[in-house]
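Colleague: Residues per chain, in single letters:
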Amino acid sequence: MTDEVRVYVEEAPSQRREVVAPTDMALSLMEVLKASGYDIQATCGGMALCGTCHVEVLAGPALDEPSDDELAMLESLPVMTQGSRLSCQIRINNRLDGLVVRLMPQNT
Amino acid sequence: MTNSISTDICIIGAGPVGLFAVFEAGLLKLRCHVVDALPQVGGQLSEIYPKKPIYDIPGFPDILAGDLVQNLMRQIEPFHPTFTLGERVERLAKLEDGSFQLFTTDGTEIFCKAIAIAGGLGSFEPRKPAVESLENYEGGRGVYYMVRDPETFRDRRIVIAGGGDSALDWTIFLADVAKEVTLVHRGTTFRGAADSAEKVQKLHEAGRARLVLSSNVTHVHGQDGLEAVTITANDGTTETLHVDAFIPLFGLTPKLGPIGEWGLELEDDAVKVNTLDYSTSVPGIFAIGDINTYPGKLKLILCGFHEAALMAQGAYKYMFPDKRYVLKYTTVNGVPTL
Ligand SMILES: Cc1cc2nc3c(=O)[nH]c(=O)nc-3n(C[C@H](O)[C@H](O)[C@H](O)COP(=O)(O)OP(=O)(O)OC[C@H]3O[C@@H](n4cnc5c(N)ncnc54)[C@H](O)[C@@H]3O)c2cc1C
Ligand code: FES
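Listed in order, the protein sequences are those of chains A and B. Reading the first sequence from the start, the letters are residues 53 to 160 in this note's numbering. Reading the second sequence from the start, the letters are residues 335 to 672 in this note's numbering.
A couple of the hints might just be wrong.
Stated by the list, open to error - Straight-line C-alpha distance at most 30 Å; calculated DSS-like pairs for lysine-lysine:
no., chain 1, residue 1, chain 2, residue 2
1, A, Lys86, B, Lys385
2, B, Lys428, B, Lys363
3, B, Lys536, B, Lys363
4, B, Lys606, B, Lys631
5, B, Lys631, B, Lys589
6, B, Lys386, A, Lys86
7, A, Lys86, B, Lys462
8, B, Lys385, B, Lys589
9, B, Lys631, B, Lys385
10, B, Lys633, B, Lys589
11, B, Lys606, B, Lys633
12, B, Lys536, B, Lys513
13, A, Lys86, B, Lys606
14, B, Lys633, A, Lys86
15, B, Lys651, B, Lys428
16, B, Lys631, B, Lys651
17, B, Lys651, A, Lys86
18, B, Lys589, A, Lys86
I should point out that these hints are in silico values taken from the structure, not numbers from a laboratory.
Please model the entire structure based on the sequences and the hints provided.
Modeller: Structure, rendered in C-alpha cells:
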C-alpha cells in the first residue's frame, strides 16, 4: 500500500490536473486543494459552516455518504448537483485514488 | 434624499473588531459611526457561526459567538454609536482638510475625521442562483437577495427560493404580509429547523403559502421590472408564475469588494498596516481585524481587539496632532460616556 493517492481536478472540459495527496496526514481534500494552489476560500476552516469549499465529484471511487451537517450546508447553496460535496468533509485515504473533482464557483 | 452623517471615526465593518473599536474610541471621547453591508451586527460571528462556542476570549471560558456580539453591543452602549446597516461602503474621498467623505451603495454619505476599516473577510455578498438576466431586476426592480424591510412586500406576489432557515423563516413571516407567497425548494426535505419546516407545510395545507418542492426557479421575465418567473421541476415540467418579487435566499459569501480599490497598499487581498498604530498607507485610514496583514498576523478576535486599542490612539493623534493623550485605566475612571 502506498502512502499517497492521486486525485484529478478538472480545470476545463477534458483538461485535468493531477494532484498528489498524502494519506498519512489526516488531511481533508480542501486542505490538499488549497495547498496545491487552488483558490478556495474555506472561510470556516473546514467545519461545514461556510460552503466556500464546494466541489463536484465527476468520477472515481464511491465516497462515504455525506453527513447531515454537510448535506444541510450543500442544500443551502444555489447550485447543488448529484456530485456536490464539501471538500473539507472528504478525508484523504487510500480509497480515494483516481477521484476526479471540479471546483464550484465560490458564489454558488 | 441622501442621508448625510457626520462623525469622528467611521468604522467600516460591524464584526467583533469593529464593535470593540467603538469602545476603545469611546474611551478617548471620540464619536463613532459604524457601517456594515449586512443587516445585522457581528460579522462572521453572526453570519457563519452564531451558535458555536468560542473558547479563547479572555475572561470567558466559553461563550457563544452570538452572545459575544450581544455583550459587545452592551459594552459600547454608553458611547451611543450610530449604525448604517445593510449598506456597503463603496467609495471614499479624502477632503482637503485631511478628513474623509464615504459613500455607501444606498447613497448614504458619511463625513468623518478618520476611518477604521474593520472589514474582516470583506463584505458578505449574496450567493446568486445561475438564472439568466437576474441582474436586470436587481436594485429594487423585483429581485431581492435579502429581506431588509418586510413592508416592501406588503400585498405583493412573491416567490422565495432556498431550503435553509432563512427561506423557511421568511416564508412564514411574509405569509402574513404578502398577497401570495410561493416557496420553491430544490429538494424534498428541509434541513432547516424542523418546526419551521412544519409551519411552512401547515401554511401550504391551509392555502396561505404555496410550497413547490423538487424544483428550481430557472427564468425571470419582465420588461422594466420583474413580472413573472418560470419554475422548472426536476422532472422537466415548467410553470410560469406572475409575481412582483423574487427572493433567492441561498446564504452569503464574503468578497473583499470595494476595499481593494481604495488605493491602499495590499498584500494577498489584505491591507498592509504599520503595527505601531495599525495605520495603512493612506494617513487617516486605519485597518484592524481580519482585513489587515503584517508580519506575524493572527486572524483571531483577541488580536483584533488589541489592534482596535492601538488604532484608537493612532486615530486620536491623527485628529488632534497637538493634544497629548494620557492613558487612563477604566478601573480608575470608570467608563466615560459620550
Ligand atoms: C467558523 C469560524 C470559527 C472561528 N472561531 C474563532 C475562535 O474560536 N476564536 C477567534 O478568535 N476567532 C475565531 N474565528 C475568526 C473570527 O471570526 C475572526 O477573526 C473575526 O470575525 C474577525 O473579526 P472582524 O471584525 O475583523 O471581521 P468580520 O467578523 O469578518 O466582520 C467584518 C464585517 O465587515 C463588513 N464589511 C466588509 N467590507 C465592507 C464594506 N465595504 N462596507 C460595509 N461593510 C463591510 C462585513 O459585512 C462584515 O460584517 C472563527 C472564524 C470562523 C469562520
Ligand atoms: S471550508 Fe467551510 S464548508 Fe468547507
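Colleague: Work down the list of hints and note, for each, if the structure agrees.
Modeller: Each hint, compared with the structure:
| no. | hint | result |
| --- | --- | --- |
| 1 | A:Lys86 <-> B:Lys385 | holds, 27 Å |
| 2 | B:Lys428 <-> B:Lys363 | holds, 23 Å |
| 3 | B:Lys536 <-> B:Lys363 | violated, 53 Å |
| 4 | B:Lys606 <-> B:Lys631 | holds, 11 Å |
| 5 | B:Lys631 <-> B:Lys589 | holds, 20 Å |
| 6 | B:Lys386 <-> A:Lys86 | holds, 25 Å |
| 7 | A:Lys86 <-> B:Lys462 | holds, 24 Å |
| 8 | B:Lys385 <-> B:Lys589 | holds, 23 Å |
| 9 | B:Lys631 <-> B:Lys385 | holds, 26 Å |
| 10 | B:Lys633 <-> B:Lys589 | holds, 17 Å |
| 11 | B:Lys606 <-> B:Lys633 | holds, 14 Å |
| 12 | B:Lys536 <-> B:Lys513 | holds, 17 Å |
| 13 | A:Lys86 <-> B:Lys606 | holds, 23 Å |
| 14 | B:Lys633 <-> A:Lys86 | holds, 18 Å |
| 15 | B:Lys651 <-> B:Lys428 | holds, 18 Å |
| 16 | B:Lys631 <-> B:Lys651 | holds, 24 Å |
| 17 | B:Lys651 <-> A:Lys86 | violated, 41 Å |
| 18 | B:Lys589 <-> A:Lys86 | holds, 18 Å |
Hints 3 and 17 from the list above are not met by this structure, while the remaining hints are.
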